[in-house]
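Novice: Letter by letter, the chains look like this.
Number of protein chains: 2
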Amino acid sequence: MTSDESVRRNAFCAAVDWGTTSFRLWLLDAGGAVIAQSRGTEGMERVRERGFETTLAEHLDKIGAPAGTPVIICGMAGARQGWMEAPYRPVPAPLDELAAHAVRVETSLGDVRILPGVAQIDADAPDVMRGEETQIAGLGVQGDTLVCLPGTHSKWVRIEEGAIADFATFMTGEIFDLLSRHSILRHVMDAGEEGDETTFLAAVREALAEPDVLTTKLFALRAGPLLSLADPAAGATRLSGLLIGAEIGAARRRLAAESRKLLLVSSGRLGALYRSALAEAGFDVDTVDAEETTRTALHAMARRLWPSAEENAR
Amino acid sequence: MTSDESVRRNAFCAAVDWGTTSFRLWLLDAGGAVIAQSRGTEGMERVRERGFETTLAEHLDKIGAPAGTPVIICGMAGARQGWMEAPYRPVPAPLDELAAHAVRVETSLGDVRILPGVAQIDADAPDVMRGEETQIAGLGVQGDTLVCLPGTHSKWVRIEEGAIADFATFMTGEIFDLLSRHSILRHVMDAGEEGDETTFLAAVREALAEPDVLTTKLFALRAGPLLSLADPAAGATRLSGLLIGAEIGAARRRLAAESRKLLLVSSGRLGALYRSALAEAGFDVDTVDAEETTRTALHAMARRLWPSAEENAR
Chain A
2 MTSDESVRRN AFCAAVDWGT TSFRLWLLDA GGAVIAQSRG TEGMERVRER GFETTLAEHL
62 DKIGAPAGTP VIICGMAGAR QGWMEAPYRP VPAPLDELAA HAVRVETSLG DVRILPGVAQ
122 IDADAPDVMR GEETQIAGLG VQGDTLVCLP GTHSKWVRIE EGAIADFATF MTGEIFDLLS
182 RHSILRHVMD AGEEGDETTF LAAVREALAE PDVLTTKLFA LRAGPLLSLA DPAAGATRLS
242 GLLIGAEIGA ARRRLAAESR KLLLVSSGRL GALYRSALAE AGFDVDTVDA EETTRTALHA
302 MARRLWPSAE ENAR
Chain S
2 MTSDESVRRN AFCAAVDWGT TSFRLWLLDA GGAVIAQSRG TEGMERVRER GFETTLAEHL
62 DKIGAPAGTP VIICGMAGAR QGWMEAPYRP VPAPLDELAA HAVRVETSLG DVRILPGVAQ
122 IDADAPDVMR GEETQIAGLG VQGDTLVCLP GTHSKWVRIE EGAIADFATF MTGEIFDLLS
182 RHSILRHVMD AGEEGDETTF LAAVREALAE PDVLTTKLFA LRAGPLLSLA DPAAGATRLS
242 GLLIGAEIGA ARRRLAAESR KLLLVSSGRL GALYRSALAE AGFDVDTVDA EETTRTALHA
302 MARRLWPSAE ENAR
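If you read the sequences in order, they're chains A and S.
The opening position of the first sequence corresponds to residue 2 in our numbering, with each subsequent residue numbered one higher.
The opening position of the second sequence corresponds to residue 2 in our numbering, with each subsequent residue numbered one higher.
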């Protein structure tokens, strides 16, 4: 037996974050350490034809996971249009009860469970999440906390007494993408150039001051450079500042009436932008790596689901 | 000589509205009546390769315009990336001076002139128009008036003492198109079904009441039907109501502090939607057909540019 094989025999579970456009799998030991990992672009949208089971089996095979390794999955794989529906849990949704509501998928692989998402069943503010509830469960939050998870569809979540109490989704990332690639504003996008923070924060301040900024200020991004009143190279930076500022301003009004303490679940360039915009808006920010908190949560939930498997893997 | 030829000999000018994605040409007699017309999709964007002169010549030929007929053009053909730049006139821009600032294009055709656009050279609210200034000139406005011209990029314009004093552009039509065709909201768009007015006006009212509606309410269009809290067939109607309501609310705050009288330059389904949304917002609306006012203005401007040609055509 090679040492590689011996390490893999310590595998306790495979943890999977299966989103709309991405797939991430970690083979974890009983302590939660990563033995091996695999990533792909086989998100829910691309997988439908090839099949979820085939895709999962290939990734498990690629990293040499032992046959029968139990698998825990969060994300869009549990959507109605995903692999198998894991019905939403309504708010207030206790974080430590999520694992108990995972659905079991019949496969030729090991025990495979998909975690539920969370829904806000409120006709005035209907909202859903799939995947973020798991990231949040991994934060180990004690007491009341406000959490911001930026992305294609940014989520702002209030945690109260260990449960997801209230949340709101903002299409910030998707709207940035559509406007910068497909609208008339594509003519003033500086192809990936890093804008300066002064320009970014000025746009954030404008958006915080004027809630209707997405209605009133977008066309000016094009007209300003046309009239030599604005630097054409600052277009993407300003668009990003206006969108992120509008999100933070709206979320502050709706969810952050009292506290200014906030957990930011993000990393890289986007995390840095949000951190500086949130500070501008008066928030006291702690940053947590998004992938790490997902893995932490999936491991903790797997330990609840398979206590005896954990024993065996030790 | 056929009667058809005899009619064409009465041609005084060709009037052209040359936009980003469309081309419209009318052969007019000295009184402004339409002798013949031609339309196409050879907007500025498609024409660049084939050439503007070739395209114009083909349309003139197709309707049998006499050789040497003078041509007056408004719209994007006068943009920097168009046929020949007709520099923007700054606000306040007197409507009866637009024709005098038309640029003359050297062609093998008759006398060809392109009208200027109008620019708001204001670092806080930079804005531009090309084509709408001509529509507005055709309205024959006396005194101070507020004008709304809905479309891909809706314009709201304040006329004072016969000049364009102040204006604002809203990307309403373009954002509707991007969100309904390319975003996650495409899943709740009711493929062209006509929504009911009650649903539309409810969305308009929400947007008028909450200026940050484009930040806060879009994702709910998807989440509502997912949670059976909203009719999935109402998605496009609600999106349209939110976007049009947000535009009207912002324009009302910025441009309509005093008066509630408004001229709406539009027609068809879009005109009807704006008319009912504007009434909901408390405006007293008169509607003018967009094409008719363009033609009226181009004819009046041609009479100024070519008084002797007009004599000859009578």
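If you are wondering where the hints come from, they were derived from the structure by calculation, not from laboratory data.
Even glycine gets a Cβ: it sits at the ideal position worked out from N, Cα and C.
Errors might be hidden in some of the hints.
Reference listing, derived: stretches of chain A covered by chain S, where coverage requires no fewer than 3 residues with Cβ under 8 Å from a Cβ of chain S [claimed, not checked]: (1) 99-108; (2) 161-172; (3) 176-189; (4) 222-229; (5) 244-252.
If you only want the chain A side, here are some residues facing chain S, beta carbon under 10 Å, derived [stated by the list, open to error]: (6) Arg10; (7) Glu211; (8) Lys218.
Novice: Evaluate each hint against the coordinates.
Specialist: Hints, verified against the model:
1. Under the rule that three or more residues need a Cβ within less than 8 Å of chain S, the assignment of the stretch 99-108 of chain A is violated, with 0 such residues.
2. Chain S is given as covering the stretch 161-172 of chain A, and this holds because 4 residues of the stretch bring a CB closer than 8 Å to a CB of that chain, at least three being needed.
3. Coverage of the stretch 176-189 of chain A by chain S holds [criterion: at least 3 residues with CB-CB distance below 8 Å; count 6].
4. Look at the stretch 222-229 of chain A against chain S: 4 of its residues bring a Cβ nearer than 8 Å to a Cβ of that chain, three or more, so the hint holds.
5. Taking a C-beta to C-beta cut-off of 8 Å, the stretch 244-252 of chain A contributes 4 residues in contact with chain S, enough for the three needed, and the coverage statement holds.
6. Because the closest C-beta pair between A:Arg10 and chain S is about 42 Å apart, greater than 10 Å, the hint is violated.
7. Below 10 Å, beta-carbon pairs count as interface contacts, and A:Glu211 has one with chain S at about 8 Å; its hint therefore holds.
8. Evaluation of the A:Lys218 hint against chain S yields a held restraint, the C-beta minimum of about 9 Å falling below 10 Å.
Checked against the numbered hints above, the structure violates hints 1 and 6; every other hint is satisfied.
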